[in-house]
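Work out the full structure, taking the sequences as your base and the hints as a guide.
Just so you know, the protein sequences line up as chains H and F, in that order.
Each residue of the first sequence is one higher than the one before, counting from 0 in numbering that gives the first Met the number 0.
Each residue of the second sequence is one higher than the one before, counting from 0 in numbering that gives the first Met the number 0.
Take these hints with a grain of salt, some might be off.
Claimed, not checked - Covered, in the sense of this in silico footprint (three residues per stretch, anywhere, with C-beta under 8 Å from a C-beta of chain F), are these stretches of chain H: (1) 38-47; (2) 124-132.
Claimed, not checked - Partial chain H-side listing against chain F, Cβ under 7 Å, derived: (3) Lys12; (4) Thr23; (5) Val24; (6) Glu25; (7) Ile28; (8) Ala30; (9) Glu31; (10) Tyr32; (11) Asp33; (12) Trp34; (13) Ser99; (14) Asp101.
The set of hints was computed from the structure by calculation and includes no laboratory data.
Using N, Cα and C, we set each Cβ at its ideal position, and we do this for glycine too.
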Amino acid sequence: MNDDLKLPGTPLKKKDFKEGKVITVEDKIDAEYDWSVGPAMARFLEELKKGKIIGRKCPKCGKVYVPPRMFCPECFTPTTKWVYVKDTGTVNTAVVSYISADRGHLGEPVVIGVIHLDGASPMMGFVHKIKGVSPEDVKNMKVFGLRVKAVWKPENERTGSITDIMYFEPIGEEKE
Amino acid sequence: MSVDKLNNIRELKHWHGDLNVEKYVFTVGEAGEAFFNGLKEGKIIVSKCSKCGTMYLPPRGFCEKCFSEIKEFVEIPSKGYVHTYTIQRKDKNGKSLEKPIAWALIKFPNVEGGLIHKLGEVNLEKLEIGLEVEPVFKPKEERRGHMSDILYFKPLK
Chain H
0 MNDDLKLPGT
10 PLKKKDFKEG
20 KVITVEDKID
30 AEYDWSVGPA
40 MARFLEELKK
50 GKIIGRKCPK
60 CGKVYVPPRM
70 FCPECFTPTT
80 KWVYVKDTGT
90 VNTAVVSYIS
100 ADRGHLGEPV
110 VIGVIHLDGA
120 SPMMGFVHKI
130 KGVSPEDVKN
140 MKVFGLRVKA
150 VWKPENERTG
160 SITDIMYFEP
170 IGEEKE
Chain F
0 MSVDKLNNIR
10 ELKHWHGDLN
20 VEKYVFTVGE
30 AGEAFFNGLK
40 EGKIIVSKCS
50 KCGTMYLPPR
60 GFCEKCFSEI
70 KEFVEIPSKG
80 YVHTYTIQRK
90 DKNGKSLEKP
100 IAWALIKFPN
110 VEGGLIHKLG
120 EVNLEKLEIG
130 LEVEPVFKPK
140 EERRGHMSDI
150 LYFKPLK
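As structure tokens, then:
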């Protein structure tokens, strides 16, 4: 901040607010929403509740999309087949996050990865938490190529949400 | 286009979420301070342009007619009139209100602008444009420099 810069107005410090030196207006915008997920996502969420991961296949280029899409975004052809994929896969990439989805500070950092699930097309990234790897493993890129498997919530706790999978964890296989 | 048909509407899935927008805090500015401090004292304060004499409510920092900076804030008599009004019968979520609320834009003689506030102690069937009204303030110790320091405007007897 340039100390020589004189801006018009009254400079205020945090304590001026605390001490009530100025009149303020506070509000919070209510931003709840309902989003209709469409047939592809609806089936995807239903299958998650059953403990399965489902994708959809393009008849023209053969790509299997996970999560499923009703049309292939690469060749614009409508997809035609539902295809189950495994809940095991390979970590493509990962990050260490120190903040939560709503910008809070996490006590323990969390590792989020992009996973290529067995049966989906290559580079079809599935984003989820990875446990059992350290921030160091991410920073030194040891996590790339790691074989992982989904850990599911018990059947009676699943609701048809991505969080029906709690996280992925390493399974100790080697894969190129 | 290949689309799955649904025969049961309850299969139409939706996702309920919340964007978790942060609370915001903003300062009311110098003109705002004059106005809201005035409300605390049970007064209606307008800003007056010293160059062209135009008075603004709520108070403005700059005159929109001659672009001068306004530094004069004056009290006006609190007798106003209903310029226009509407009756609210549902809340923002579509639920019917127990009692409908009349909202009005209240103007004051010789002042540009006005205040939007509730009308109270009125017969909703007998509301008229031009109805003369005056503010009913909260007890002094309950006022905090907020629009709600005025409870509502009521018709003059």
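- Of the hints stated earlier, which fail here? 2, 3, 13
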